[in-house]
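K.L.:
The listed protein sequences derive, respectively, from chains A and B. Its first residue numbered 1, the first sequence is counted upward by one per residue in this note's numbering. Its first residue numbered 1, the second sequence is counted upward by one per residue in this note's numbering.
Keep in mind that the hints were calculated from the coordinates and are not lab data. Using N, Cα and C, we set each Cβ at its ideal position, and we do this for glycine too. Among the hints, a few may not be true.
[What the hints assert, rightly or not] For the chain A half of the interface with chain B, some residues (derived, Cβ under 10 angstroms), not all of them:
id, residue
1, K8
2, N10
3, I12
4, E16
5, E353
6, L357
7, N363
8, R364
9, V366
10, A368
11, I447
[Unchecked claim] In silico PhoX-like cross-links for lysine-lysine, where the CA-CA straight-line distance does not exceed 20 angstroms:
id, chain 1, residue 1, chain 2, residue 2
12, B, K186, A, K451
13, B, K204, B, K186
14, B, K18, A, K448
15, B, K57, A, K448
16, A, K132, A, K295
17, B, K57, B, K6
18, B, K142, A, K9
[Stated by the list, open to error] So these bits of chain B aren't anywhere near chain A, every CB distance computed over 10 angstroms:
id, residue
19, K6
20, D56
21, T72
22, E79
23, E133
24, D174
25, S203
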Amino acid sequence: MIAFSLAKKNIIRKQERSLLTIIGVILAVGSFVALLSIAEGLNKKLTSEVMSKNVDIYVTPSGVVSLPTGSIGALGADYEDINLDQELPKSPISLEQVNNRVDINKIKKVRGNLIDFLNIDEEGNQKVPNIKSAIGVTRFQKKIRGRNVVFWGLPFGTADDGTPLFSLYLNGMRVQNGVFPVETKQYNDIYCLEKKEISDLSNEEKVFISGQKIAEELNLKDIIDKNGKISMKSSSDLLLKPEAIVSFNSGFQDYFCYMPIQTALTINGSDGKVKEIWIQVENKSKIKETKRLLKYYFPNFEFKTSEEYLGASGEIVKYAWFMQFAIALIGILIATTASMNTMLMSTFERIREFGALRAIGANRSVIASMILIESLILSVIGGIAGIIVGIIGSAFLDDAVKALFQISFPMANITPALILYAMLLSVFIGIVGALIPIIIVYRIEIIKALKWDM
Amino acid sequence: MRIRMKGIYKYWEGEFGKIRVLENVNLDIADKEFIAIMGPSGTGKSTFLHLLGCIDKPNFGEIYLDNTDICTIPENIREEIRLEHIGFIFQNYYLIPTLSVLENVMLPMQLANSFVGKQEERAMKMLELVGMEAKWNSDTAKLSGGQRQRVSTARALVNNPGLLLADEPTGNLDSKSTREVMDMLKIVNRQQGVTTVMVTHDSKVAAYADKVYYLDEGRISTANI
């Protein structure tokens with residue numbers, strides 16, 4: 001208690017120096033929070049994105065490490081399209097037969113074709129059992145209204161029960177009875193610009209569906225007239241006609257736009273090629289066996305479960321985390337040195353005072369506690385302020401990253417774990433800052449302390 | 001508190017070997033006695049006081065405070081003795097600059113956890129004793145040298161010590177303040193019955209003591225003043 005009281009009073013006495021230490025810690029913790037919020041946000045969104053999708057196996061070209069966000073510059077290299085035409089299965093099946101089965105241009109039947117491709121050999125026997133459904137998907141980026149927007153091309157056909165096919169894969173999309181919500185009042189911020197059932201949309205239709213967040217950024221709501229009809233004049237600058245705004249409330253999906261795959265392939269110029277194939281299995285417990293068989297028949301493809309897909313992305317995130325931590329480390333080192341320097345100066349100035357305290361009966365631990373508490377008070381105050389600065393800084397940094405890497409969605413995310421790390425970091429700075437002064441006062445003799453001359 | 005020093009030797013490790021500071025010092029100080037140690041600078045007066053105050057240890061010899069040999073007991077017990085049984089007055093006062101007058105006087109009680117619930121009352125009583133009660137809330141930096149030494153004395157006495165050690169208590173004071181402080185120490189010695197050992201090089205100051213000893217070249221003798 002007395003140590004706390006003395007520490008507190010010394011901080012108040014040396015206001016300028018205390019302020020400098022606090023500023024040092026603010027810079028360290030602030031840069032730590034701001035920089036790592038990007039990696040934290042990416043990690044959180046990726047996890048949410050991958051785990052919220054109803055995809056059991058992702059098929060990509062071999063040797064590809066991808067992010068489910070698509071091409072986002074340095075954060076996730078894009079890769080060559082999957083050219084299904086050139087894939088030669090190991091089973092005795094003619095190229096012609098394969099080509100017929102993977103005629104992706106007949107996109108309305110993409111689901112059936114892909115299942116055939118993956119599942120049926122030339123005699124009509126099932127090659128890879130346990131496959132429930134499969135779709136080919138593509139993605140590309142286009143600049144709309146000054147923003148880089150990621151478009152996903154997905155099959156817009158319907159499942160047997162009339163549910164939009166791709167909504168089976170994009171878990172969390174708010175779709176009711178196979179129809180996109182149409183009433184603004186009923187669904188608040190989710191609405192269809194034109195009253196239309198999703199099943200009415202063909203794969204060739206020049207329309208797109210926008211995620212809610214990107215719709216806000218693109219001001220798509222501005223083009224709806226009083227009757228809920230789309231004002232084509234206002235939307236003339238858009239790439240395509242927006243058909244609906246949907247909300248997923250997870251991952252990046254609210255920041256993407258979706259369009260029929262044939263339309264996407266036409267726009268993107270990758271005729272007949274998809275970026276990924278998404279597979280759903282009947283029995284999830286047999287997923288490894290299914291994957292093994294798929295790999296056997298299609299050795300040039302990479303087959304990844306959701307966890308593996310996330311794991312591969314996680315490697316990139318981990319790398320980003322360490323890179324950002326390394327940058328933040330510079331700030332941390334500066335702050336720790338500043339804190340240590342302040343505490344050292346403060347200690348040397350007060351050596352005689354400590355000697356007097358020892359002489360009147362204070363033991364070493366009281367004085368060590370005093371130094372430690374003083375250092376911790378400064379670093380924790382700096383830590384709390386640093387977190388606030390970091391949160392503000394992360395918003396600016398996020399904008400910079402978005403502009404630099406041409407990303408359409410926000411990356412930064414201040415997670416409770418990040419705040420906890422930041423607080424632990426400030427405590428660490430406090431402890432390290434107090435360490436050498438404590439060693440000095442522990443070792444110095446009372447007589448030397450009393451005769452100490454700066 | 002009765003003090004007995006037997007065959008005390010103290011050396012410093014110097015650049016050219018050992019420097020003799022105290023040599024075969026033998027001294028008995030009776031309970032409640034007020035003694036002064038005189039001598040020129042650098043003759044070991046302060047070292048003598050530090051040995052009595054459990055701040056330093058002799059190379060050889062025994063020092064008994066009442067019946068406890070303070071040279072052989074562990075450091076934590078020496079700390080306890082310093083805190084609860086010894087009061088220190090320094091030439092440079094060594095008041096804690098971040099604390100007010102009252103807080104400085106309360107400090108030894110807070111460290112010892114003594115007079116719990118009555119610490120403020122006790123500190124004010126000590127300030128009255130040294131005539132500083134009116135300045136209880138003052139910043140110590142704004143006090144004169146004499147006033148600081150009074151506060152230092154109040155702090156030294158607050159835990160009701162059996163032994164008061166004063167190291168050149170008037171060394172930084174003018175003649176008026178010197179008289180005031182010495183009168184006060186004399187009163188404290190008489191009223192509180194505290195054994196007082198004072199180190200000084202000033203014979204006028206030493207004259208306040210019951211007995212005066214002379215320390216020269218590490219040896220102690222009765223002084224003729």
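K.L.:
Could you run down the list of hints and mark each one as holding or not?
P.N.:
Outcome of the hint check:
1. The interface hint given for A:K8 is met, as the beta carbon of that residue sits about 9 angstroms from the closest beta carbon of chain B, less than 10 angstroms.
2. At a threshold of 10 angstroms, the smallest CB-CB gap from A:N10 to chain B is about 5 angstroms, leaving the interface hint in force.
3. Given the 10 angstroms rule on beta carbons, the hint for A:I12 holds: about 7 angstroms separates it from the nearest Cβ of chain B.
4. The criterion of a C-beta within 10 angstroms of any C-beta in chain B is not met by A:E16, whose closest approach is roughly 15 angstroms, and the hint is violated.
5. Of the supplied interface hints, the one on A:E353 holds, with its beta-carbon coming within about 6 angstroms of a beta-carbon of chain B, less than 10 angstroms.
6. At its closest, the beta carbon of A:L357 sits 7 angstroms from a beta carbon of chain B; the interface hint therefore holds under the 10 angstroms criterion.
7. Using the Cβ-Cβ criterion of 10 angstroms, the hint placing A:N363 at the interface with chain B is satisfied: the shortest such distance is roughly 5 angstroms.
8. At its closest, the beta carbon of A:R364 sits 9 angstroms from a beta carbon of chain B; the interface hint therefore holds under the 10 angstroms criterion.
9. A cut of 10 angstroms between beta carbons decides the hint on A:V366: the least distance to chain B is about 7 angstroms, and the hint holds.
10. The criterion of a C-beta within 10 angstroms of any C-beta in chain B is not met by A:A368, whose closest approach is roughly 14 angstroms, and the hint is violated.
11. With its C-beta approaching chain B no nearer than about 6 angstroms, A:I447 sits inside the 10 angstroms limit, and its interface hint holds.
12. For a cut-off of 20 angstroms, the pair hint linking B:K186 to A:K451 is broken: about 28 angstroms separates their Cα positions.
13. The straight-line distance between the Cα atoms of B:K204 and B:K186 is roughly 13 angstroms, inside the 20 angstroms bound, and the hint therefore holds.
14. The hinted pair formed by B:K18 and A:K448 meets the criterion: a straight-line CA distance of about 18 angstroms does not exceed 20 angstroms.
15. Distance hint between B:K57 and A:K448 is fulfilled; the C-alpha atoms sit about 14 angstroms from each other, no more than 20 angstroms.
16. Simply put, A:K132 and A:K295 have alpha-carbon atoms about 17 angstroms apart, close enough for the 20 angstroms limit, and the pair holds.
17. With a C-alpha separation of about 13 angstroms, the suggested pair B:K57 and B:K6 falls inside the 20 angstroms cut-off, and the hint holds.
18. The suggested pairing of B:K142 with A:K9 holds, with an alpha-carbon distance near 17 angstroms, which does not exceed 20 angstroms.
19. Distance check for B:K6 against chain A: the nearest CB is about 22 angstroms away, which clears 10 angstroms, and the non-interface claim stands.
20. Distance check on B:D56: its Cβ comes as close as 6 angstroms (rounded) to a Cβ of chain A, failing to clear the 10 angstroms threshold; non-interface status is violated.
21. Every C-beta of chain A lies more than 10 angstroms from that of B:T72, the closest at about 19 angstroms, which supports listing it as non-interface.
22. Taking the minimum C-beta to C-beta distance to chain A, about 5 angstroms, the non-interface status of B:E79 is violated against the 10 angstroms cut.
23. Chain A leaves B:E133 outside its interface by the beta-carbon criterion, the shortest separation being 21 angstroms against a cut-off of 10 angstroms.
24. The beta carbon of B:D174 sits about 23 angstroms from the closest Cβ of chain A, which is more than 10 angstroms, so the claim that it is off the interface holds.
25. The claim that B:S203 is not at the interface with chain A holds, since no C-beta of that chain comes within 10 angstroms of its own (minimum 25 angstroms).
Hints 4, 10, 12, 20, 22, counting from the list given before, are not met by this structure.
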